[in-house]
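Visitor: Take a look at the letters that make up each chain.
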Amino acid sequence: MWDHEIKAMASAHAIIAAAVFMATVLPGAVVRGFSVCGTHLLWLYSVSGAVAAVSVAVFWLLGITRPTKKHTLGYKLSARFQQPHQLRSRLSRLFRSCVYFFLSCLFFHTVVVLYGAPLIESALETFSLAVLLTSLTTLRCLCVLGPNVQAWIRVFSRHGAMSVWDTCLQITVVCTVVGAWVGAFPIPLDWDRPWQVWPVSCSLGATIGFLTGLVAAPAWIHYHRKQLTYKCK
Amino acid sequence: MLRTLFRAGGAILQQTQRTAPRLWVTPAQQRWASSLPMNTVVLFVPQQEAWVVERMGRFHRILEPGLNFLIPILDRVRYVQSLKEIVIDVPEQSAVSLDNVTLQIDGVLYLRILNPFKASYGVEDPEYAVTQLAQTTMRSELGKLTLDKVFRERESLNSNMVHSINQASDDWGIRCLRYEIKDIHVPPRVKESMQMQVEAERKKRATVLESEGTREAAINVAEGRKQAQILASEGQKEEQINKAAGEAQAVLAKAEAKSKAIRLLSDALAEQNGNAAASLSVAEQYVSAFSNLAKESNTILLPSNTGDISGMVTQAMTIYSTLAKTTPRIAEAVEEKMKALPVLSLLLCVCSVFFVGIYLFVGGFLLVRLEVNRTSTCGDVLQPGGGEPSAAAAAAADFCRARPRFRRAVLLVVDALRIDFARFDARNAAPRPHENKLPVLQEAAAARPAHGRLFPFRADPPTTTMQRIKGFTTGSLPTFVDVGNNFASSAILEDNLIHQFGQAGKRVVFMGDDTWESLFPKKFHRSLPFPSFNVKDLHTVDSGILQHLYTTMMGGDWDVLVAHFLGVDHCGHRFGPDHPAMADKLTQMDGVIRAVIDRLQNDTLLVVMGDHGMTDTGDHGGESHKETDAALFLYSPAPLFPGPPSQSEPDVVPQTDLVPSLALLLGVPIPYSSVGQVLLPLFPPHGQTDGAVGGLSQLEALWINAKQVNRFLETYSGMAKDIPPENLSQLKDEFSRLSSEYLATVGEGRPPSPELAASLQAYLTSVRDTCRATWARFNPLKMAAGLVILAFACLTCFILSELSLTLIREDGRGLKGPVVTALAAAVCVAAGQLLTQGYVEVAWCLAAAALSSELLFLWTAYRSRVTAVSKNGSKALKFASWLTPRQLLTPPLLVPLLRCASLLSDSYVIAEGRVVTFLLFSLALYIPFHLNWDGLLLPPSHDPLKSAGLLPSPALSPSTVRKESGTLLGCVGLLIGSLYLSLSFHGCREEQGACQPSPFLSPLSRLQDSQLKNLHYVLSVFSLGVWTYLLRRCLRHYGNLNSSGGAVFVARWILPLLSVCLGLHWAVSATPEDSFRNLAELISLAQLSLPRAAFCLLGLGLFLIWLDPLTVFIKTRAAASARNSALPPPRYRASTGISPQAELHHLIPQIYQRMRRSLDDGGSSGELSGAGEVDSRPAVEAYGLGTVYSAPLLLFCGLLGIGLLLLHPEGMALSFLLLLLEMGALLHIHASSTTLKGLHGTYSGGFKVPWAPIVMWALAATQFFHATGHLPTFPSIQWGAAFVGFPDGHTGTILPASLVTLNTFASHILFAVACPLLLLWPLVCEVRGSRGGGGRAACGDEGEDAVMEMRLRENPQLFSSALLQLSTRYLFIHGAQVFASVSAAAILRRHLMVWKVFAPKLMFEASGFLVSSVSLLIGVTLVLRVDVAVGRWFKRIIPDVAR
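Sequence order for the protein chains is A and B.
Heads up, the first sequence is in this note's numbering, so the first residue is 81 and it goes up one at a time.
Heads up, the second sequence is in this note's numbering, so the first residue is 55 and it goes up one at a time.
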């Protein structure tokens, strides 16, 4: 029944993963001496920018944002251009999404600092990590659920998922956060490797966790599609 | 895969193409194209159009949308058909209906071309044809219907039309999809008549309605009358029934009252002299009955035997006696008691098994030795004994002052110089980087064999630099823990070479590894230490030495020069021996040795040696040959060896042997504790002394050596008992035999036999071997046994926590088997040892006992599981589910697993404080997320599925849930905040390079800036005040401060007094010494007395709490109206049962309820309120009954906390406040999550505490160990704690040691003692109705009352099992940590950091466990003590109040 959606999800994820890959490889051609560890912040920005752009585009095209309405693009397009008063509400949604994005960056920054990151010394690095985490997690929430915190809280409960996309959101977000968490493990080790420098291991962990989530989510949904039942609201 | 996307993308393309390209492909936008497209060979046919092509005038084909090719000229596009739906207006026309009304009607027709071929060739003008068809059809269809039907059946009309049109139009390739009638116009006349018809209809309906209203009204009136009559009669009926019931209840109540009276009486009868009293009362009643009879009537019925009162009394007494026999039995049967004994004994067993495991492992791993703090002097070594004035004695008496063989010595210590680094093999054509790099030794030895020689130099494990330096300066076998009387500094206090050099007036100059500086502080004439810690730095130390070495040698102000090079060792640690860097380093050393040899003078001895070797990976610390075998090269410009190398020379020189040899060569006494043996090749044989430079002969040297060793052995065996006694006596006998033989030889002046020297040598060797066997060896067997026992103990603990309920049910009977087995095993092993070895080693008996009992317990648990599985499936399933990986890998258990794993890495141990905080933080964040995941954090949305009854939630109001969630989140925030703040109280290890220890860690008196000092002081006093206030506030809130018992006295007076004492003490100890000179006496007095007073207050407080832990205040109110002469029974429901236990069950909720009510009335102040009950019955009000268990525990912890704070630096008060806040936050998080689970009806029942809060509790204990400035290293122990209240030091060691222990493990103690609070707190914070589903209907019919901790008294069995489970789980987590650190020490015993990181960590973890378990036992015992007191209290109160 959901074969169609699972395929759509898999292809969308393939595109996002490809974007991450390209964001790692391509800047090397432009910027001299670009490397993941060496010019870490640059890599971090390029990855988060790429993921943000690609996921916004993909989710916008797929039309996940409004699960109650028809999924056809024609409908959306016509609705978008024909009714100017909807345009205004759309703009306010966009504005709120931006505000939420920024707030989420601050939130992640606070959490990371509370977890033990230096408060003042490398604030830029910490904030960059927060931006990366936000673009990997919160942005997805924004794309799938819109700027609606209630819905976010609802989605992260056992019976809260209402579509395959919600389940996918759960898996990717949890994988990303756990990846970042695991990424903090090697920091205290005395190996003196370049990737142990703050926040390289955490952002690498988050990215790897995110990629894992991208692969795992369609696979998990595919193998559990018999057990999954969604209630409609 | 990408199809979907492409489809979507394709749609966009289509959309955008739609307007532009169509314009040029088909310029004509008409429906039926008038101008047809040209034949341009390549043609693009738009979507939904069909172009009919004729080839040479004949129909050829129809072009599909898309790209098409046509042959020019021959082909021609003849028709263009649009396949889209077409809308045609059917013009208005008139038709006549069946009832001859003329109607004007029009419509819309929706068509579509299905077959372009037919549409092109079947009809000339499809549109016209269809329109006509529609018109005619409509007319004919209308003719079939009447006017009314036309309006009503538009739909059917439409469908009929479509049907009939389709029949005709099939041949034209057109399909009619819909026909819609647009409008129907009726002639005006007809319209009017229709209006009138409608009006009439309305009028009719109005009349009918009116009449119906009248009818209804009449019926209603009649009904009302009928109902009224019925109700009246029912009322009468009810009244009569109620009266009857009332009477019946009255009869019942009377009967019950009587039964109680009888029981009371029987109770009274059971007492002493009860019988007599009963007879008296019976007799009285008898007489009074008769007197009444006499008063009321004039006829008296007398029994047959009026006078025989005694007979009647006897008869009555037999009845009483039978009653008296039965009642106590009933009471016993019903009474359920708290099972204190099984709980405590089980806990004790578990703890003791852990202790045995730790003891065994530590006994095998940590080598312990007592230090002998005596020093040799010139006199006591060289007296040949016996006081005989012999020639040798006379010659040797002033040996100290005599000219020694060498005046000066140069000691070049090359760290980790393995023996094969120093050997030179000329045949080796392709030497590896570490081979053949020190040719100078070989050259020197070969060129002048009498001047230099190379020996293998064997170190004793542990092969670490500090232990080795100790070893080759004291001549002893240093172990990891050298128990001395001052364990605060690492300085060597045993007698050693450096000390002896100093005593003999020699100037010792030192340069190199700074370990020497800490080992011999202020012993050197001059010293140039360099930092040794950074293993990666290969050159700093060596180049530092080389800068000064040669100039110092050329200068004159030295006698002994020690230079310790570290480069080789660091190179090994960093690169391993097989690395070019090692070759460079060794070549450098070669150059150094050459240069030193060139600068030597005749009276100077050169010693080049390594302190230990290294493994092939460059590590050391263990006992493999590569680690122990170092090189020793002795050289002197003067002839050093009297003879050439002979067969009798030792293959290997033990490191201890260097000490006596050097001492005798340089003319100083051998250090007292040395067990070394002189190097015989260095001394001339007897009789050749004259030829040599002068000095001792072999035999004399051996004799002095043997005498010194014997003296040490005697002293040591007097102090410690760890040398086996039979070995000791054997050695003593041997020495006395040799002694007499030697004295005889010397006395007679005859040349000594070579056997004597050999046997003296043998004696010295055997002494050293004995000592080594005692001190310097890991005992792998013991280590393995300890590990196994600890592993099994952890497993046992875990299973015990899961089986706690079963164990409590069977009353701890499962315990007997293991204990008996343990005793039996211990006795067996002891007997076996006695038989085979002749003595008993306690460790092995304990090991056997522990292991056997563990195995038996595990076996029984396994068996019971198997039988349970075979018996019944469902229960066994639940039972067996705890060992599945899915159950074990939940985050609450994953976190301790990570924590244990982190103990295996030195980096994580070094950063332990951060690691634990990190894990605790993660778990704290996990809890709300998990609750949200279960849907418990938010009130459930009101969707129809749930309200239909899927979730039975009795008292689920969204506001309650929201409030609880708010509390939970707030507490998580508080927890996280205090965790973050607590990071700033950490100390620093020396391994953490850039780390600043917390400024709060230094005592106030060390602060220079007075403003800062004041700020710190104010902060500390403030947090102390907050601590006290919070405790009192909490107790008062729950009404525990009203009574006058011991505990309340403590809370009211001792607690504040203690804080005041502490504040004053801080103030006094912070005063600078020089100010207030005239008050110096007073200050010193205060420094002594204030902490002692605090100690006394603390002891008194703890004792009072223990003595009278109840904090319940009872108020019994007398009847309000005195007019009723007879007291009506108190408002208290009589139970159906007769047992006092049943009464208790009803009384407790009531007492509590009243308490709550009056508290509500009087506000939170806890003041009594007069307007409690309106009725005139006496009431019982008990304040603080709901928190009767937790209040004393809380108070105990609070008091203890202040006491422990006394032992800390002042700044730690802030950290302690954070600790209290964190404790509270943890408790509230646990309570709120339990309540939330209860509110949603998913509460599992019982008082079980889940893993997550316990894990957090245990982690918090470790975390605050760090946050109070402690670290698991010996230098970081806060020794100042030993001098609080004892500024002048102590005489014994027990008191300071316990003070330091209390200081070090303060957080372990506090958290362990407070551990039972985890069980109690959810009850304290319980919300009404949250546990409604639990099946506890004991509250009776007044509904669900919150009875807080009284629930525990209602279910003593569940209470004890939950207490046991909680304690075992807590012990399990700590035990697992101990096991992990023990494993780390065992696995990594070769690690570079083992003596710096892992071994101290093991010691701290083990002692932490010890302290924690003892404190946990104290906490549990306190709870049990409270339970006993509560039981007594109820016994006392029930007779007073219930009757």
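Treat the hints as calculated values from the structure; they're not laboratory data.
Every residue, glycine too, gets a C-beta built ideally from N, C-alpha and C.
Hints are not guaranteed to be accurate.
[Said to hold, decoys possible] Taking beta-carbon pairs under 10 Å as the criterion, some of the chain B residues facing chain A (in silico):
hint, residue
1, Asp960
2, Trp987
3, Leu990
4, Trp1333
[Said to hold, decoys possible] To list a few chain A residues with every Cβ distance to chain B over 10 Å, as calculated:
hint, residue
5, Tyr125
6, Leu174
7, Tyr195
8, His239
9, Leu269
Visitor: Work down the list of hints and note, for each, if the structure agrees.
Guide: We went through each hint and held it up to the structure:
At its closest, the beta carbon of Asp960 of chain B sits 8 Å from a beta carbon of chain A; the interface hint therefore holds under the 10 Å criterion. Given the 10 Å rule on beta carbons, the hint for Trp987 of chain B holds: about 5 Å separates it from the nearest Cβ of chain A. With a cut of 10 Å, the hint placing Leu990 of chain B at the interface with chain A holds, because the nearest CB-to-CB distance is about 9 Å. At its closest, the beta carbon of Trp1333 of chain B sits 28 Å from a beta carbon of chain A; the interface hint therefore is violated under the 10 Å criterion.
Residue placement check: Tyr125 of chain A keeps its beta carbon more than 10 Å from all beta carbons of chain B (closest about 27 Å). The claim that Leu174 of chain A is not at the interface with chain B holds, since no C-beta of that chain comes within 10 Å of its own (minimum 21 Å). Some Cβ of chain B comes within 10 Å of the Cβ of Tyr195 of chain A; the nearest lies about 6 Å off, and the non-interface call is violated. Not every C-beta of chain B lies more than 10 Å from that of His239 of chain A, the closest at about 6 Å, which undercuts listing it as non-interface.
With a closest Cβ-Cβ approach of about 5 Å to chain B, Leu269 of chain A is found to fall inside the 10 Å limit, against its non-interface label.
Checked against the numbered hints listed earlier, the structure breaks hints 4, 7, 8 and 9; every other hint is satisfied.
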